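Going line by line, the protein sequences match chains H and U.
For the first sequence, the working numbering begins at 1 and goes up steadily by one.
For the second sequence, the working numbering begins at 1 and goes up steadily by one.
No lab work stands behind these hints, which were simulated from the structure alone.
Keep in mind the model is a prediction, meaning the values are calculated, not measured.
For every residue, glycine included, the Cβ atom is placed at its ideal position computed from N, Cα and C.
Among the hints, erroneous ones may be present.
[Unchecked claim] Simulated coverage check for chain U against chain H, where a stretch passes if three residues somewhere in it have a Cβ under 8 Å from a Cβ of chain H:
no.: 1; stretch: 195-206
no.: 2; stretch: 318-329
[Unchecked claim] Some chain U residues near chain H, calculated using beta-carbon distances under 7 Å:
no.: 3; residue: G209
no.: 4; residue: I210
no.: 5; residue: L279
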Amino acid sequence: MTDLRVVGGELVPPSPERRHLLSISDLEREDVERLLATARSFALSQARETKKLPTLRGRLVVNLFYESSTRTSSSFELAAKRLSADTLTLKSAGSSVDKGESLRDTAQTLSAYAPDVIVIRHPEAGAGAFVSRLTDARVVNAGDGKHQHPTQALLDLFVMQEAIGRLEGLQVAIVGDVLHSRVARSLVQALRLVGAGAIFVGPPALLVPEVAPCSHDIDAIADADVVYVLRMQRERMLAGANFMPSLREYTARWGITPERLRPGQRVMHPGPMNRGVEIDARVADSAASLVVDQVGAGLVVRMAVLYDLLTAGPVPVEAAVEVA
Amino acid sequence: MLAGREGTDDLVIRGARVLDPVEGVDATLDVRIDGGTIAQIGDAVDANGHRVVDAGGLVLVPAFVDPHVHLRTPGREDEETIASGTAAAAAGGYCAILAMPNTEPVVDDAEIVRALRERAALEAHVPVGFFAAITKDQAGAELTEMAALADAGAVGFTDDGRPVAAAGVMRRALQYNAVTGRTIAVHCEEPTLTVGGHAHAGVVAAELGIGGWPSLGESLMVARDVDLAAETRQPVHLMHLSAIESVEHLQRAQAAGVRASGEVTPHHLCLTEEAVRSLDPNVKMNPPLRTEHDRAALLEALRGGAIAAIATDHAPHSLDEKDVPFEAAPFGVTGLETAFAALYTTLVVPGVLRLETLLERMSAGPAAIFGLDRPRIATGAPANVTLLDLGAKWRVRSTDFKSRSTNSWLLGKRLHGRVRLTIAAGRTAFEA
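Using the sequences and the hints, build the whole thing.
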């Protein structure tokens, strides 16, 4: 047996009817706590010399990516491999998706391989839910339009908990282009679920006051324990879009510099970063930055999600992470 | 101005509750139709050898008029044809429908109007009026030959599906419309405010991360168009209103004597943006579903008469186009076969809207706006009547539609009230 333990109390069995992870709104607080505890167990397993676990041997995880992605697609693939599952990764470039095959047809074609999990990233809201109605596989939403990116929010919670030691009562300032951000929408819901608070800070036309309190004053980050910096997407800043006048003006007003942070504040970013635009390189590489932790957490949290979806009932994590 | 098939029927409808709110009739009576005309209304009417329909327990009402239907012909006959769309209309209790000109090609030439009318004379189950476009190819730049189009039988003018974005073009269209004697119907949308919009710019779209289509995108154009109608002294009809601000502009214009009319769809009267949480493409419409506040204002304006017409905006789409994620789906839902039952179930049964008001807004109201004969149950009137079974309950199924398309927001829903018989222009158009 291993010496792995679940930190933070009893494991709550996953509810048997929950077969997909499409949105944070699908989860209860206990689901989040169970997933984070599982992820922590996997984090310990990843410190060992032999990192591969036999848990999902013989299972098939299909990654279906209709948008470019580096860390999400690679971490899902690696997570599945570390759990000994077979993986199949399809990206829109170079597949029949490229030839105009509909999402329905692609989902049905892939279902012929009887995958256990389909991980999907797609430019349109609800694509994961759409695929979940066409397949017997469990579906994980790895980003659908501007709607949701639930595994990102879970890994962010994991990093905050590890770095700060608690989630309850944390204040998080989410800075930048909230309007176009599925990361922001998922994270706000996840923070609420665990008793933490969020505020959006950025240019007025890029805020979403319907979802969380907003400020266009960068000084509003002062009260935050965590400053969560969103990627400023250059395509949103094309001349004539007029969400704001220019990237230069964005950086001057809302860019996160060492001067704008107070001691003790931690900084996160979902990546990829535009250094010198939304985040100053000195901040990105500072001790306050948790960006590298986020990448590592991406692996273990996605392992936890795959494990959780594919193991019904109260399976002890000790058994699950026993090394072959 | 309507085109349909020749032919009339003789029959007697016996023992129905005859309900024509405009004529002031509400009594159990027999109605005899001779050669497509209502010949006699009374007790124990002589059958004269006609076929007799036993209508005990049913309600006979003036048949419905839909001022806003997409027949997708020419160009997208895979989605709807004149035959299938008018069969759907007949099944929904309609005796006349008006077809939108945003087809492929656009109805912007007198020859196209003539061809459509000839086609309708061969295959339409109920008479159809064809709108022509306000601008060539609905491009919003050059006026169509409106006088020639009216002479060819166009029932009115609209660029539906698109706004006439330039105020100067809209003003010229209204000025010139004085020579046609028709009504211009406007799709109110300020395109620079609605670009990228898929749902009402409110809480639900914000939470779901879907591009917002704000109320102001409609109401700003409503304000412009009622002011242009005032200045040009022309009638203007505001299609598929969705926002409370639009209703306020319409009421203000009407109070000032402007000839402005409005229509509202069953879906805007029954649903709100909350329905969009399902991300079901069959609740994606243009204009979008809005808030409960907006829905209440539309209902109140319908009750009071500021909005005089219910229009389905029946917009068939193929399954391939509609069975995709929400943001990829086109706008529009079907409605002809479910409009009465949806409104009866949602508004009349709970006591929110009187049956008489619903019947008037589905028939006499829209007919008056476009100068059509009002369907009425009176001796000597052409037979345009619908027999309703208000006690019937039925489930909406995709396999039961006469329409070629199934993109209904009511699929799987259980409704009260069913059409049993539709007589349109004296012909039996539908019988269940």
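Going down the list of hints, with the structure as the test:
For the stretch 195-206 of chain U, the stated coverage by chain H is satisfied: 3 residues place a CB nearer than 8 Å to a CB of that chain, which reaches the threshold of 3. For the stretch 318-329 of chain U, the stated coverage by chain H is satisfied: 7 residues place a CB nearer than 8 Å to a CB of that chain, which reaches the threshold of 3. The criterion of a C-beta within 7 Å of any C-beta in chain H is met by U:G209, whose closest approach is roughly 3 Å, and the hint holds. The closest approach between the C-beta of U:I210 and any C-beta of chain H is roughly 5 Å, which is under the 7 Å cut-off, so the hint is satisfied.
Because the smallest distance between the Cβ of U:L279 and any Cβ of chain H comes to about 4 Å, under 7 Å, the interface hint for this residue holds.
Of the numbered hints listed earlier, not one is contradicted by the structure.
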